[in-house]
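Novice: Spelled out from the first residue to the last, the chains are:
There are 2 protein chains.
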Amino acid sequence: MAKTLTPDIDAKRLYASIRELGKIGAYRDERTGLVGVNRLALSSADGEGRRLVVKWFKQAGLEVRVDRIGNVYGRREGLEPGLRPVMAGSHIDSVPTAGAFDGCLGVLGALEVARALNDHKVATRRPFIAAFFTEEEGCRFGVDMLGSAVATGRIRLEDAYVLKDQAGLSVKEELGKIGFLGSNPVRAILPHAYVECHIEQGPILKRTGMDLGVVSGVQAISWFEGVILGRSCHAGTTPMGYRRDAGVAAAKLNLKLRDWTRSGLFGRDFRATMGVLRPHPGMVNVVPGRLACSVDLRNPADSMMRRAEKALFVHSKKVEKEEGVSIRWRRTAGTPAIRFDPSVRELIDEMAEGMGLKRGRILSGAGHDAQEWSRLCKTAMIFVPGEYDGISHNPREFSTPKQCADGVRCLLRTVLALSQEGGR
Amino acid sequence: MAKTLTPDIDAKRLYASIRELGKIGAYRDERTGLVGVNRLALSSADGEGRRLVVKWFKQAGLEVRVDRIGNVYGRREGLEPGLRPVMAGSHIDSVPTAGAFDGCLGVLGALEVARALNDHKVATRRPFIAAFFTEEEGCRFGVDMLGSAVATGRIRLEDAYVLKDQAGLSVKEELGKIGFLGSNPVRAILPHAYVECHIEQGPILKRTGMDLGVVSGVQAISWFEGVILGRSCHAGTTPMGYRRDAGVAAAKLNLKLRDWTRSGLFGRDFRATMGVLRPHPGMVNVVPGRLACSVDLRNPADSMMRRAEKALFVHSKKVEKEEGVSIRWRRTAGTPAIRFDPSVRELIDEMAEGMGLKRGRILSGAGHDAQEWSRLCKTAMIFVPGEYDGISHNPREFSTPKQCADGVRCLLRTVLALSQEGGR
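The listed protein sequences correspond, in order, to chains A and B. Throughout the first sequence, residue numbering follows our numbering, covering 424 to 847 in sequence. Throughout the second sequence, residue numbering follows our numbering, covering 424 to 847 in sequence.
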């Protein structure tokens, strides 16, 4: 095994590839002057990006297959082709106001793993697959991790095909339009292990001085849309005692959520956010009679999440009474907590230790393709720190060449170790 | 004086006139099916409404004059034409989603006073003027009580002329377009007294079982636009301790305002409203990094208002520290408290008592033309209760024929008494 640790990545080539892919869908933000990336899933920019990555896959000697949901797999054969492959990947679709790193680091990192193996003429026991998956962001068709969810059986292909974007265009049509409606079956890949390298998209690694994060799992996520119904009335003529102010009710809920995250009532890592606030009529001199809001809850423990959700409903009843409003909640997302495989996490930690990196155990706050693959095979993730408090989904998103190289070097070593493992 | 109390209004004619004028600019609200009124100042609908009222003024024998800001005065000569006139009036322009009563009750009430005097062949000592004023709502050109403010000297004619609506059309152009750019000087009217009958636009009279309100004054009004700057970040990946959530900061301010109205710290009648809340980017999984909001403060006492404003600024500093945000406030309106003339209020109360009406002392929460005229002459207002908690600026706005008749009958008696008074 010592011999297989010899190969190394080409950090400059990796970073150049990230920058090159980042030019596709690039735009200049008018307010800040920064250059961002808009490569919405199955858009023509996504098509162009996909063709570039496929070209690179082929140049690296990978055998490229596209499945019926547009996931792209580039296979490097192993010494024992009948063994299950080790897979690394992520996504190249983006939110409309993205940077160049989200997803792309994992895809181009996997490509770099293949390139490095080629450079050093390394033959692995197991096949290796570099992959990217369709519509991870969920920004266009409303379902995130769509491609990997179909590939791993959580979502049926026919249900995915009929999802539509805001213009009424379907996933199937749009796959065809960009030439990525593949012919390979969606559930053909059963990996030995899946490893994904991704930017943290948060401030923890950087603020705690870590070079790399070993991801323990993904938080449970619950989203709710709330409608608070009070009564619109004149801000000047209506005595305070007669009001049913939907804005005040929302403020109470928002601060209660904040209190809960501080008190530790639902665990130390419970997070809660009210990101949407739409009062109606939204005029300076009218008491809001109606308000639409959102609640985003995150919890590493499903049991704590259920308690937090229940507390939200119970507290809403209290606010209804206090403020004379009615509050309706509709669940718009709910995924359970994921714990990544301890042996793969251990392997990542060991490899990073061998590289002399300071690494932290970290929980993923966002959803990733890895959580889908974790249903089929042992899975873990490597997080790379981000500058500017790890800002992401923003043109300011940035990880240094060294940060990216550390993550992908660790990915290479982990893939190498996994690809020598026995079993089926 | 007993003889002058004989004339009475024609309640049916009054109500029919309100209904007739309400047809101009009428629209059907799609959501509720209710018929509302959209007669924005100096719109073609306003022009049509004005021509109808002018026609009625002339039919009632009033001598009509239009001044340079489009205010319309219909004069009924007195026995002593050299004495200052008694004036009653209000406005017929509306917000875009109005009912038929706001303003119109006062204008058509003044018309009904003239008609009743005619019917009963009453000659008054002083001249009587029925009037309506331009752009009371301030919805189109951004300055409320515009016509009466120009007529009473608070705003200069040339400054009013150049005010523009959102389409860039000026007051002067639009006055010309509807044929109401009059030639009479704007500061020619100096009344002996001004009395305005208006719907309450609030729930107090109805809830306290009153037939009529004797208005003691108008609250001081302060409006602020606030911008709270925090930092947008990912709701899943950003630990609570790292957040600078503009939405949480707004919630704290909103609840503090509420607390102050309850504690009586700034007087028993202090009112505060946060009607605008615009978080950015306003997405379920993004912590709001910026939030625009409004604060509407009302207080019957100017000194208390100043203390409340100061407290808002001081508390904002506290929230800035607690939440790591910065908060900027910009004043967008500020009018001092008005106390109406005690002798006219007393007269109104006496007349209402003579009619056997239950009347309450009430403070106006909204601005009215009367507050402008109160600078020039003794002034007071009569409030008429509204159904549905006095909802206004809404197609549901409704006062019964009896409620309207009580108010205008009291107006007639008050005008009669004032028009017999001595002095200049």
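Derived from the structure by calculation, the hints contain no laboratory data. Any given hint could turn out to be false.
Said to hold, decoys possible - These stretches of chain B come out as covered by chain A in the derived footprint (C-beta under 8 Å, 3 or more residues): (1) 652 to 661; (2) 667 to 678; (3) 809 to 817.
Note that beta-carbon positions come from the ideal geometry of N, C-alpha and C, so glycine has one too.
Novice: Of all the hints numbered above, which does this structure not satisfy? Sort the numbers upward.
Specialist: Violated: none.
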